[in-house]
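Quick note, the sequences are listed as chains L, B and F, same order. Mapping to this note's numbering: the first sequence position 44 is 44, numbers consecutive. Mapping to this note's numbering: the second sequence position 141 is 141, numbers consecutive. Mapping to this note's numbering: the third sequence position 13 is 13, numbers consecutive.
Quick caveat, the hints were computed from the structure, so don't treat them as lab data. Check each hint, because a few of them may be wrong.
[Unchecked claim] Listed below are several chain B residues computed to face chain L (Cβ distance under 10 Å; list not exhaustive): (1) Arg-194; (2) Ile-196; (3) Ser-333; (4) Glu-335; (5) Arg-339; (6) Pro-344; (7) Arg-377; (8) Phe-403; (9) Leu-408; (10) Val-410; (11) Phe-423; (12) Val-438; (13) Arg-455.
[Stated by the list, open to error] The list that follows gives simulated cross-link-like pairs (lysine-lysine, BS3-like), each with its CA atoms no further than 27 Å apart: (14) Lys-261(L) <-> Lys-440(B); (15) Lys-211(B) <-> Lys-261(L); (16) Lys-211(B) <-> Lys-239(B); (17) Lys-100(F) <-> Lys-231(L); (18) Lys-396(B) <-> Lys-161(L); (19) Lys-397(B) <-> Lys-261(L); (20) Lys-324(B) <-> Lys-276(B); (21) Lys-399(B) <-> Lys-100(F); (22) Lys-100(F) <-> Lys-317(B).
Yeah, the Cβ is synthetic: ideal placement off N, Cα and C, and Gly gets one too.
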Amino acid sequence: MQSIKDKVAIVGMGCTKFGENWGMSFDDMVIDAVYEAYEDAGIPPADVQAVWIGSYWSNLPAPSQPLSTTLKLDYKPVTRLENMCATASDAFRNAAYAVASGACDIALAIGAEKLKDSGYSGLPTDDIAMGLVSTAPNTFRSRNFTAPGHFAMMATSYFNKYGLTPEEGRTLLAKIMVKNHHNGTMSPKAHFRREITVEQVLKAPVIAWPLGLLDCCGVSDGAAAAILVRKDMAKNFKPDPVYVKAMQIAVGPSEGYMNPKHDWTGVKETYRAGQAAYAEAGVNDPRKEITMAEVHDCFSITEAIVYEDLQFSPRGRFKDDVEAGTFELTGELPINIDGGLKCFGHPIGATGLRMIYELYNQILGRAGQRQLKNPGLGLAHNLGGTPGGATISVTIVGP
Amino acid sequence: MVGIKSYGVYVPFHRLDRTEIAKFWSGYRVPGEKAVANFDEDSVTMGVEACRDCLLGFDINAVRGLCFTSTTSPYAEKQSAALIATTLDLSRTTRTIDVSGSLRSGTSAVRVALDAVNGGGSGDFLVCSSDLRLGLPNGSKEMEFGDGAAAFLIGDSDPIASIDNAYTVNNELYDVYRPVTDQFVRSWEDRFVREIGFMKVVPETVRSAFKEFGMGPEDFTRAVISAPNPSYLGGVAGKLGFDPKSQAIDPLWGLVGNLGAAHPMVLLAAALEQSKPGDRILWVSYGDGCDVYALTVTENILSVQGKRSVERMLNSKSSTSYQKYLRWRDLVSFEPPNRPREEPASAVALHRDRKCGLALFGSKCTECGTVQYPVQRVCMECRSKDKFDYYPFADKKGKIATFSHDSLAVSPDPPTTLAAVDFEEGGRIMMDVTDRDVSKIEVGTPVEMTFRRFRQTGGITVYWWKSRPVR
Amino acid sequence: MTEDESMKVVQPRRDYLHELNTEVRSISGGYNLEEEGRIEIREREVLYAVGNAIVDSACCGAYGCHFAVVPGYVLKWKYKRSADGVFISAVEPITDHLVKKQIENTLQDLEGVTQVVFW
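Modelling step: build the complete structure from the supplied sequences, incorporating the hints.
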């Protein structure tokens, strides 16, 4: 199997402000993100040869064809895809593979989601999710399903296995939330920008025991886009392009729902996608070689578990790194430098590209107040589904 | 010898203290509590529970008939018995019958079962009664009515109690009634209901039955007379010459309330649980007439009494509030959560899923032995394709591997307790935990399976299973 | 573990900031603690605060509640102030299951809360 490493370069990216974008339609956000990317790459729209757009709920059932109308694409192929909450990452993967294969020289990947037109405060429909966790499609023979309910089970299991009292565990998770909120205050495009304290996290009511209100992410609208080109063309666009080092997706067969061997203290798909990505990028010691990461902090516990699944922390020991401040902006391996889902919210189909956008800006030295010194390899971890049955993408990019 | 081979009982986990109702309305106070079905239960789910208890240790393939009786079947047109038969994994050629419309429907169905068994060649006949009746808020019926179910397996071999005699009269009377268009039970003036209804019909019928059977009150160890309340029972027992202290059995009014069609069935089960071989029981039910039976308890009683179903159901309980009761019965309109409209399930998909969904069958890989739910055509362990046997989960016990209490999930009994249930004999299913005390759920809590109602959309009720702490 | 047994182990001590009527917002919703109270449980003084929360922008649904936070037994009442001048008390978090249940019942009756969060 060949590696995608260093065959594809990112030469332009765009991202809208994430938030309750009442004044912007799905199309408006797509146009803004894509034109920012065009401008960044310095290419005219007509140069794009193929387009992949990820969206989970928006403009269903047919976002592919209307996209060409929105962007006036010049009779080029457009494909809409979904892959749960990792949808944008998969749009990126498809575009990257197209370029790596030589089938096209310049490809556009878009992730976009408009959730706030639905009139609901949460996601626009339960039924897609309920269908996924049902015993059979269309029967709705299913447990009562919410995402916090499922992720909270991971916290219960982890605390139990490693002997943390709920109080100790919740305090550790609170520290992760405080970190992300702090980082988010420096992200102009974030939805939510305000500091919080550990005490405020712990005083909040419980949403799904043991997770509290401030352990959970929110609903946002947003769009992001990337322009990918063949490596040998990259310097025509930019003196300092960002290269794709690895792009791996692992989709689990829902073992956590069916197999008692799965103990809900890790997400196997994250581990597997991470292993595959490290192999592809030639990373031997992730803790040392990865210099920054954007990970899927839909809930505080999700981020904590990612530390271990991606081998940043040893199994059962994320505690030590949280207490040592390893993943803070000034720490050894900063994680969720832009504030993560806690500050950007989670427009399902856009999140993956927003993560890559942050790594890209860090490498190009454009991250403003939150700019890291000499960032090297950056990792984006995007999670779809739930801990028992997930779709995970791990993308590694670097200078 | 024809008779009852086994009994099963189900009383919901929740009880409502009658003084809670009285306090809420500043109304008159009545002692005791009533059994209250959870929001995810109906007469079918309670019936399934009673049948499962009844069939414990018996060969389900010998069950050739199932009669479901209730005044509160979920469907006016669509058979509950067929649904229950599928859920219990009874044979496709089992005769299924619904009997409705009367508080006497359970005992009358026993007569049908006796005739069928006496007719020969029909095997065992399962008779189940279940009711979940509603009285208007702040009324005496709301105070009285409880929810519950019972089942008897009728057959011609090895009965725990033989049914020696049966006698019946029918009687046309508007005493207690409910038009199909109404949700709440109505009744005529109390004095008429008492004097021309129960207090007249029951003694008359029992006396005629005594004459026909050639027996009198002195011939019975116990009189199981199903009465709507203790005052009716006391009146009629005295009239018939029974000693209320030694012969009449506790009507359970203070513990569970009047269980409708299930009441005479639950009372008989309670009496059987307290009986010894040789005891004779008079069994009487009332509603649009009166059914009277004479039974003799046999040696076989000793082999089934160990399960102590009635005792267990009465003792395992938790109190709920009147506010929750109102919500569970949809008696107050709540502002619905700002959530998308629920899509109806597909009748096609439900039909395909009936063995797996209703009867809770998963698969067991014939190559590697791994047990999994739902049925996996490709084994999750060894990846072999279509090499499996169906594997039943409904009768298996499990432990909570991990859980959460979710306040965001829409539920009439928040928070929703969700768990990964690991079964003692293998397999895991993700399930809601119902009938639980939130503070007592831990990793490792033992649970058992319980059949429940999930969503109702477009006239279709989706049923599936939940776990509950072992009762 | 009974209360007596739990007394034998060294209890963690925590500081509690008496911050009231300050809305704490997050991306998924917000809450506000409005009042504080003290109740006596098993001859010890327990501090609690009550407030309201609204979850109006979480990813998976809406929720609102009147709730209580129980930081624990009071060890040192308002013994210092934060940099912003807000009082701080030292508390001992409550871990005993039965005591928690008792406090929960008391606060449900007293304050009509739907949930009680323990530290």
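Going through the hints against the structure:
1. Interface restraint check for Arg-194(B): the shortest CB-CB distance to chain L comes to about 45 Å, outside 10 Å, so the restraint is violated.
2. Below 10 Å, beta-carbon pairs count as interface contacts, and Ile-196(B) has none with chain L, the closest being about 49 Å; its hint is therefore violated.
3. A hinted interface residue such as Ser-333(B) counts as satisfied when its beta carbon comes closer than 10 Å to some beta carbon of chain L; here the least separation is about 20 Å, so the hint is violated.
4. Look at Glu-335(B): its Cβ only gets to about 13 Å from chain L, farther than 10 Å, so that hint breaks.
5. Among the interface hints, the one on Arg-339(B) holds; its C-beta lies about 6 Å from the nearest C-beta in chain L, closer than the 10 Å criterion.
6. Annotation: Pro-344(B) was flagged as interfacial toward chain L, and the flag holds, the nearest CB pair being 8 Å apart, inside 10 Å.
7. A cut of 10 Å between beta carbons decides the hint on Arg-377(B): the least distance to chain L is about 12 Å, and the hint is violated.
8. A cut of 10 Å between beta carbons decides the hint on Phe-403(B): the least distance to chain L is about 6 Å, and the hint holds.
9. Because the beta carbon of Leu-408(B) sits about 5 Å from the nearest beta carbon in chain L, less than 10 Å, this interface hint is met.
10. Look at Val-410(B): its Cβ gets to within about 8 Å of chain L, closer than 10 Å, so that hint holds up.
11. Contact between Phe-423(B) and chain L, as hinted, is supported at the beta carbon level, the nearest pair being about 8 Å apart and thus within 10 Å.
12. With its C-beta approaching chain L no nearer than about 8 Å, Val-438(B) sits inside the 10 Å limit, and its interface hint holds.
13. Below 10 Å, beta-carbon pairs count as interface contacts, and Arg-455(B) has one with chain L at about 6 Å; its hint therefore holds.
14. Between Lys-261(L) and Lys-440(B), the direct Cα distance comes to roughly 25 Å. Compliance with the 27 Å bound is thereby established for this hinted pair.
15. Annotation: proposed proximity of Lys-211(B) to Lys-261(L) is violated, straight-line Cα distance about 67 Å (limit 27 Å).
16. Distance restraint check for Lys-211(B) and Lys-239(B): the Cα-Cα separation of roughly 16 Å lies within the 27 Å cut-off, and the hinted pair is therefore satisfied.
17. With a CA separation close to 62 Å, the supplied pair Lys-100(F) and Lys-231(L) exceeds the 27 Å bound.
18. For the given pair, Lys-396(B) sits about 25 Å from Lys-161(L) by alpha-carbon distance, which is consistent with the 27 Å threshold.
19. Under the criterion of a C-alpha separation no larger than 27 Å, the hint pairing Lys-397(B) with Lys-261(L) is consistent with the structure, at around 18 Å.
20. About 41 Å separates the Cα atoms of Lys-324(B) and Lys-276(B), which puts this hinted pair outside 27 Å; it is violated.
21. Restraint check: the Cα-Cα separation between Lys-399(B) and Lys-100(F) comes to about 25 Å, which is no more than 27 Å; the hinted pair holds.
22. Restraint check: the Cα-Cα separation between Lys-100(F) and Lys-317(B) comes to about 21 Å, which is no more than 27 Å; the hinted pair holds.
Going through the hint list in order, the structure does not satisfy hints 1, 2, 3, 4, 7, 15, 17 and 20.
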